[in-house]
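Numbering of the sequence shown is given in the UniProt record's numbering, commencing with residue 1 and proceeding in unit increments.
Since the hints were made in silico from the structure, they are not lab data.
Bear in mind that the values here come from a model prediction, so they are computed numbers and not experimental data.
One thing to keep in mind: the hints can contain errors.
[What the hints assert, rightly or not] Derived pair list, reagent style DMTMM-like, types lysine to aspartate or glutamate, alpha-carbon separation capped at 25 Å:
{"no.": "1", "residue 1": "Lys181", "residue 2": "Asp128"}
{"no.": "2", "residue 1": "Lys337", "residue 2": "Glu220"}
{"no.": "3", "residue 1": "Lys551", "residue 2": "Asp128"}
{"no.": "4", "residue 1": "Lys507", "residue 2": "Asp495"}
{"no.": "5", "residue 1": "Lys560", "residue 2": "Asp462"}
{"no.": "6", "residue 1": "Lys337", "residue 2": "Asp495"}
{"no.": "7", "residue 1": "Lys560", "residue 2": "Asp495"}
{"no.": "8", "residue 1": "Lys113", "residue 2": "Glu91"}
{"no.": "9", "residue 1": "Lys394", "residue 2": "Glu434"}
{"no.": "10", "residue 1": "Lys583", "residue 2": "Asp453"}
[Claimed, not checked] Computed Cβ-Cβ distance ranges for the label pairs, DEER-style:
{"no.": "11", "residue 1": "Asn169", "residue 2": "Lys229", "range": "43 to 49 Å"}
{"no.": "12", "residue 1": "Asn124", "residue 2": "Pro233", "range": "53 to 59 Å"}
{"no.": "13", "residue 1": "Pro233", "residue 2": "Glu332", "range": "54 to 60 Å"}
{"no.": "14", "residue 1": "Glu332", "residue 2": "Arg587", "range": "36 to 42 Å"}
{"no.": "15", "residue 1": "Pro162", "residue 2": "Asn126", "range": "21 to 27 Å"}
{"no.": "16", "residue 1": "Val183", "residue 2": "His42", "range": "21 to 27 Å"}
Glycine included, each C-beta is placed from N, C-alpha and C at the ideal position.
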Amino acid sequence: MALPPGLQALAIGPSNAAATVEFGIDYLCPFSAKLVIGVQHHLLPLIFGSSAPWEGKVRIVLRPYPQPWHASSTLVNEAAIAAAKISRISEPEVIQDPKTNAFWIFSQSLMAKQDAYFDGPSRNRNPDQLRADLANLAVAVLGEAPKKSKSTPIVSLPSGQPLGQTVRNLLKVGEGNEGSKVVPDLKYCVKYGRQNGIHVTPTAIWNGLIEPSISSSFGEKEWRDFLEKNVGPPVSTVALLHRLRGLLGATRTPSSIPSTVTSLAMSTSQAPSTPHGRAGLMRIAVVQMTPHHSNPSASRQRLLDLTAHLSKSDGIHLLIAPEMALTGYVFEGEAGKAKIRGMAERFGSREAFAGESTAHSVAREISQRLGCHTLIGYPEVVLPGDGEAAVAAKPVDRRPTLAGERTDVADSRSSSSSSPYYYNSALLTSPQGEALHTFRKHFLFDADVLWCDEGPGFQCIDLTLDDQEGHRRSVRVGVAICMDINPYRFQTPFDTFELTRWAHERKVDVLAMPMAWLTDYGDEHVAQHAEETNLDSVNYWAARCEPFWRKTGDGHDTEKHTILVTANRTGKEGGSSSVLSFKPGDRPTLMVSLGQAQEATFVYEHHLGVST
1 MALPPGLQAL AIGPSNAAAT VEFGIDYLCP FSAKLVIGVQ HHLLPLIFGS SAPWEGKVRI
61 VLRPYPQPWH ASSTLVNEAA IAAAKISRIS EPEVIQDPKT NAFWIFSQSL MAKQDAYFDG
121 PSRNRNPDQL RADLANLAVA VLGEAPKKSK STPIVSLPSG QPLGQTVRNL LKVGEGNEGS
181 KVVPDLKYCV KYGRQNGIHV TPTAIWNGLI EPSISSSFGE KEWRDFLEKN VGPPVSTVAL
241 LHRLRGLLGA TRTPSSIPST VTSLAMSTSQ APSTPHGRAG LMRIAVVQMT PHHSNPSASR
301 QRLLDLTAHL SKSDGIHLLI APEMALTGYV FEGEAGKAKI RGMAERFGSR EAFAGESTAH
361 SVAREISQRL GCHTLIGYPE VVLPGDGEAA VAAKPVDRRP TLAGERTDVA DSRSSSSSSP
421 YYYNSALLTS PQGEALHTFR KHFLFDADVL WCDEGPGFQC IDLTLDDQEG HRRSVRVGVA
481 ICMDINPYRF QTPFDTFELT RWAHERKVDV LAMPMAWLTD YGDEHVAQHA EETNLDSVNY
541 WAARCEPFWR KTGDGHDTEK HTILVTANRT GKEGGSSSVL SFKPGDRPTL MVSLGQAQEA
601 TFVYEHHLGV ST
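Please work from the sequences and hints to get the whole structure.
Right under this line is the structure:
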């Protein structure tokens with residue numbers, strides 16, 4: 001049902017959503033508090049944000065409904081309505097977002113602090129004192145908090161009037177028996193509740209009808225089940241990817257990175273360093289480029305051009321190039337299948353190193369010139385009788401039907417098979433240019449299924465970093481490729497976090513990911529916004545890394561500092577190669593990034609702590 005003009009802030013979510021859920025609540029009802037706080041933590045992640053499976057499908061309306069048996073109920077509900085009145089109701093995009101809707105934000109605070117207004121604590125305070133206390137709370141939540149975080153004000157005030165005075169004026173009782181200025185709005189809420197059969201709080205109304213199955217005890221699973229039954233199946237992860245795969249501009253300031261991720265300024269220039277880096281630092285170079293499709297020779301030259309300015313004096317420890325960096329990524333039909341397989345390389349083979357335009361030869365050239373490890377995406381072929389690389393830890397299979405640590409490193413290949421196997425892989429070379437290990441893509445994207453097999457599992461490797469002063473440090477690097485960060489086959493629950501939960505369990509320091517991460521934008525848009533940030537992509541990556549930064553309180557939390565390093569390609573894919581930093585309990589931080597159409601190389605210094 002439509003809301004009066006002055007109460008538009010009671011609703012969050014798009015006005016054209018497929019479904020509307022309304023909650024009749026009393027701000028002094030403990031079960032109302034449980035429901036509203038539960039909605040914040042369990043329902044909102046399912047319907048708000050570009051990674052939400054039901055994004056844009058549900059609108060939420062909170063309808064204040066004071067209960068007379070709570071002595072202070074009317075006063076507290078009036079304060080909530082006052083917050084709705086000063087919300088920026090003239091800007092739909094502001095009030096539709098729970099992060100900027102002042103009424104929603106204040107409601108969360110009121111519910112969290114409701115016991116301060118219960119009968120006992122309020123017994124010795126008169127109504128005017130309670131109103132003053134509520135006005136002060138509004139100032140703290142809606143004024144001081146945004147000011148401290150330097151975020152945009154979330155309220156709209158009369159010209160020259162401070163927030164506290166505005167709220168006090170709205171709550172001030174008039175002459176006679178007319179009540180405060182928000183009483184007409186409160187009357188509307190009460191009449192609406194009576195008309196629609198709200199007798200107790202909370203009461204849930206789904207698409208205009210009371211829905212008794214919705215409980216204040218609903219967690220994520222219950223909300224998922226309810227939405228799937230009443231809204232429809234969640235948006236597939238494939239569709240989410242096309243919506244999320246965007247681009248990051250060059251390094252941003254914190255004020256320009258809203259939502260999940262904050263940003264720290266980080267120079268991409270090459271700071272002077274000892275030949276193998278300074279003690280306690282790991283220097284990582286990331287190359288973002290547009291491969292020449294089916295033309296490894298031209299791609300090789302582009303990669304060398306983009307790294308020509310680097311030298312051993314830059315102290316690079318690890319250089320990362322994109323997925324399928326020399327061949328390009330998407331190959332269609334039987335002809336495409338034959339073409340990509342024809343460019344596949346045998347790991348560590350003499351012919352792979354002998355080829356002028358192979359991943360092996362260019363990685364060796366870069367490693368030897370810079371004295372660093374090089375990680376580059378390439379198509380791999382394994383012939384019958386080929387041995388397996390055993391430098392990294394054993395693969396850990398996180399496919400839902402084969403979970404657990406695998407001992408059959410050769411994956412599902414039969415030892416008697418006479419057919420070759422193909423993988424979308426990442427080659428790691430040593431600083432001397434030797435083929436150190438091959439990491440095989442575990443979770444395949446649609447474009448991979450045509451020509452290659454699933455890799456055996458996620459793997460990490462311990463790299464030893466040295467500097468000229470004799471300091472030595474072991475760094476655990478996990479390597480995965482693009483689709484590996486997503487739910488398996490887009491079918492497992494979002495919060496399974498197969499890759500990052502594994503990396504967290506293995507105490508990985510650096511998760512390095514060659515990528516060919518798509519963009520849903522056309523060439524014209526990319527040209528017009530070449531260096532702008534599309535935060536959907538970075539927020540999605542950060543969300544998929546939740547095990548690195550979300551404290552669970554289950555006794556297994558650590559203070560581990562982990563970074564995600566993505567090396568994406570441009571052209572048909574979406575750029576935004578970046579470094580995201582994670583610490584448990586802290587907001588993910590975007591350290592450095594490239595724009596959607598930038599072909600460039602940046603160097604990032606990762607602080608490892610005290611050297612050994």
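A quick look at each hint next to the structure:
1. Lys181 / Asp128: holds, 14 Å
2. Lys337 / Glu220: Status violated; Cα separation ~42 Å.
3. Lys551 / Asp128: With a Cα-Cα distance of about 41 Å, the restraint between Lys551 and Asp128 is violated, given a limit of 25 Å.
4. Lys507 / Asp495: Since the Cα atoms of Lys507 and Asp495 sit roughly 19 Å apart, the hinted pair holds (cutoff 25 Å).
5. Lys560 / Asp462: Cα-Cα ~16 Å, so holds.
6. Lys337 / Asp495: Answer violated: Lys337 to Asp495 is near 34 Å, above 25 Å.
7. Lys560 / Asp495: holds, 20 Å
8. Lys113 / Glu91: violated, 29 Å
9. Lys394 / Glu434: Holds. Lys394 to Glu434 sits at ~20 Å (cutoff 25 Å).
10. Lys583 / Asp453: violated, 34 Å
11. Asn169 / Lys229: 43 to 49 Å: For Lys229 against Asn169, whose Cβ atoms are near 46 Å apart, the range 43 to 49 Å holds.
12. Asn124 / Pro233: 53 to 59 Å: holds, 54 Å
13. Pro233 / Glu332: 54 to 60 Å: violated, 28 Å
14. Glu332 / Arg587: 36 to 42 Å: Holds - the Cβ-Cβ distance for Glu332 and Arg587, about 40 Å, lies within 36 to 42 Å.
15. Pro162 / Asn126: 21 to 27 Å: holds, 24 Å
16. Val183 / His42: 21 to 27 Å: 34 Å Cβ-Cβ, so the 21 to 27 Å window is violated.
Violated hints, listed in ascending order, are 2, 3, 6, 8, 10, 13, 16; each of the other numbered hints is respected by the structure.
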